[in-house]
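Those protein sequences? They're chains G and W, same order as listed. First residue of the first sequence: 1, per the working numbering; consecutive thereafter. First residue of the second sequence: 1, per the working numbering; consecutive thereafter.
Check each hint, because a few of them may be wrong.
Where chain G lies over chain W, by a calculated footprint (3+ residues, C-beta under 8 Å) [said to hold, decoys possible]: (1) 27-39; (2) 123-129.
Among chain G residues calculated to face chain W with C-beta under 8 Å, some are [said to hold, decoys possible]: (3) P169; (4) C320; (5) M324; (6) K326; (7) L327; (8) Q366; (9) G411; (10) I416; (11) A419; (12) P422.
Partial pick of chain G residues on the chain W-facing surface, computed with a CB cut under 8 Å [claimed, not checked]: (13) Y55; (14) A337; (15) V338; (16) P355; (17) K358; (18) R420.
Just so you know, the hints here were simulated from the structure itself, not pulled from any lab data. Values in this document were obtained by computation on a predicted structure and should not be read as measured data. Backbone N, C-alpha and C fix where the C-beta goes; we use that ideal spot for every residue, glycine too.
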Amino acid sequence: MKKYSFKKGGVFPKQEKNLTAHLPIKKAPLPSKVILPLLMHAGAPAEPLVKKGDYVKTGQKIADTPIYISAPVHASITGKIVAIEESLHPIGGKFISFIIESRGQEEWDPKIAPHPDWENFSTSDLLNLIREAGIVGLGGATFPTHVKLAPPKGKKAEILIINGVECEPFLTADYRLMIERSEKILQGIKIFQKILGVKSIFLAIEDNKPEAIHQMIEKSKEYPSLQIASVATKYPQGSEKQLIEAITKRQVPIGGLPIDVGVIVQNVGTAAAVSEAVMEGIPLIRRVVTVTGHNILQPGNYEVRLGTLFSDLIDLAGGCRGKMKKLIMGGPMMGFAVLSDQVPVIKGTSGILAPSEKEARYYQPQPCIRCGKCLQVCPMRLAPGRFIDFTEEKELDKALEKNILNCMECGACTYICPARRPMVQWIKLAKEQIRKNKQKEMKIEK
Amino acid sequence: MNTTDIIPLAQKDRSLLEVSVASHIYTPIDTQTIMRDVLIALILPGVSSIFFFGFDSFLIIFTSCLTCLITEWGFQKLAHKEVRIGDFSALVTGVLLAYCLPSEIPLWTIILGSAFSIIIGKELFGGLGYNLFNPALVGRAFLLASWPAHMASWKQPIGKILKSSDAITSATPLEQWKTSNISTPYGYLFLGQISGCIGETSAISLSIGACYLFYRQIIDWRISFSYLGTVIWTLDKFLGYPIKSISYPYTIQLLICNDFK
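Using the sequences provided together with the hints, build the complete structure.
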């Protein structure tokens with residue numbers, strides 16, 4: 001079998017997937033309380049359609065917006081909206097959220113309607129179904145799927161890549177999906193194909209998941225336009241641009257989007273969610289989350305309702321072995337450290353990682369010894385070490401010149417740095433300052 | 001942000017967690033490991049230097065390392081900087097400086113040279129990572145300029161693997177060739193049974209050390225080999241030492257010759 005891989009850079013962190021890879025997806029019991037932020041996706045926040053005190057049913061749309069790059073929010077349990085207030089958001093700070101308390105009995109929204117006859121639908125109808133179901137990219141970037149599936153005028157998608165790489169260590173949610181729900185994924189891919197009209201489709205899976213590759217090859221035998229691509233186990237193989245380079249040898253231009261080279265990438269989880277939304281009519285109210293880490297007593301893969309608190313899931317996984325010092329939403333390379341375990345699962349929560357106290361220790365940054373390892377591993381061919389110097393010296397124009405905005409914050413440089421310098425932190429700071437300066441300039445021009 | 005900004009966000013009974021920007025895992029190789037690996041690579045040349053030049057070598061290495069450590073510790077204390085002798089970088093400087101000194105050198109010059117290496121070569125530029133030049137070579141340049149006679153006081157190797165030949169005198173191989181046109185055979189050059197600085201005579205033990213660093217990916221073999229390639233190419237094309245030359249010194253001999261390095 002041909003092995004695909006991106007060329008430049010990359011790191012090989014310890015996989016640690018054996019903690020949960022063999023464990024089937026378990027349905028978590030319905031939570032008694034959920035917190036649903038109005039912003040669980042990339043784009044504009046949704047606006048509430050219900051009031052405090054209202055009763056909502058599972059799957060009912062409770063927030064929406066006419067803005068294009070956004071997604072609606074659906075009630076993930078049946079119950080009463082006890083508050084619409086600011087609450088801790090896993091990505092940081094606070095955000096307006098619905099707080100719903102369960103009424104015990106689950107009742108589904110009567111508007112939910114399956115569409116097994118979707119093949120007769122028009123593209124715009126299908127896109128609308130996907131939008132109404134609140135589906136966003138479930139790989140972690142949470143970009144609204146209906147936007148991604150509608151290329152701008154004049155651009156056409158030639159190749160669709162389904163991302164089952166899951167290159168983050170520890171996470172196994174996508175892996176379990178491919179093993180247990182391969183039909184749903186294939187169904188979703190067929191819907192994508194109908195919308196985009198593409199001829200060649202690749203499903204990329206890292207070669208450390210031979211069972212998933214085998215399973216998908218078996219299931220896709222009657223689907224000739226789908227090709228299973230085994231990609232080398234190297235981080236960040238699952239990053240959009242790297243995956244496109246690995247499979248198509250095309251390079252997305254600086255500041256460009258995959259569609260500029262005729263490619264669209266969708267996650268396997270998104271494919272399964274789209275299939276559920278279209279075939280069964282169920283909006284995005286649940287997802288598979290890997291609860292793992294060396295501090296968790298019984299790690300596992302759970303299907304949970306959105307809005308479930310991290311603490312509930314950790315209790316479900318047997319609780320913590322030792323003191324909880326750090327909790328990460330997502331994988332260890334790109335995940336967000338959350339401020340408290342009282343934050344909810346949102347659409348982009350692919351995993352909850354509780355590192356042991358030793359793993360979570362703080363490293364004092366040391367001086368740079370100019371070893372050049374960050375340059376070697378950067379998959380975007382950037383110079384992360386220089387960006388730190390530029391940011392420290394407030395020479396943001398030089399950083400811009402060296403394409404700092406092209407950094408996708410994969411964390412390979414931070415991982416490899418022998419002096420433990422927090423590269424991504426500095427780069428994020430520089431980007432934030434560049435953004436603010438731009439805003440200021442625009443205000444002055446006005 | 002000061003701490004009072006954070007506290008109101010705290011939930012009732014639960015303490016706040018630590019946050020940091022990704023990534024949250026690191027490679028096990030840190031600065032200390034790199035320096036340790038360099039020291040490991042330098043063990044064999046050290047052993048061979050003690051074999052060929054006796055207990056003097058050990059004294060040179062010991063003095064140089066000790067001075068480097070004390071100087072770095074003292075400077076960082078005086079400058080109110082964080083003391084970083086635990087990262088072994090001063091030790092690496094000490095060993096490297098010792099290896100490029102002749103065995104006859106008086107110990108007091110070593111103390112001065114090591115202190116110069118650390119203070120002028122390293123700490124005044126801002127310490128680890130900010131030095132313009134290799135501190136050990138700064139120290140060597142200082143010693144060479146200040147006490148040239150001591151720095152050229154070569155001694156014949158004491159330890160013997162190959163039997164002594166006329167070729168082994170107290171002059172270094174290139175000096176011998178220059179002054180009396182005597183060539184040194186490959187074997188002596190490779191093993192290091194020649195006179196010269198204590199740590200740089202033995203090409204074989206240095207190569208083994210280099211291989212260890214290649215294996216550990218501390219240095220990139222492409223850098224070392226392109227350097228050597230450049231030397232061969234320049235000799236061949238511009239300096240009149242063609243690769244296929246039939247007269248001494250041959251290019252390969254030059255490459256493994258200690259005073260050429």
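*Of the numbered hints stated previously, which ones are contradicted by the structure, given in increasing order?*
4, 13 and 17
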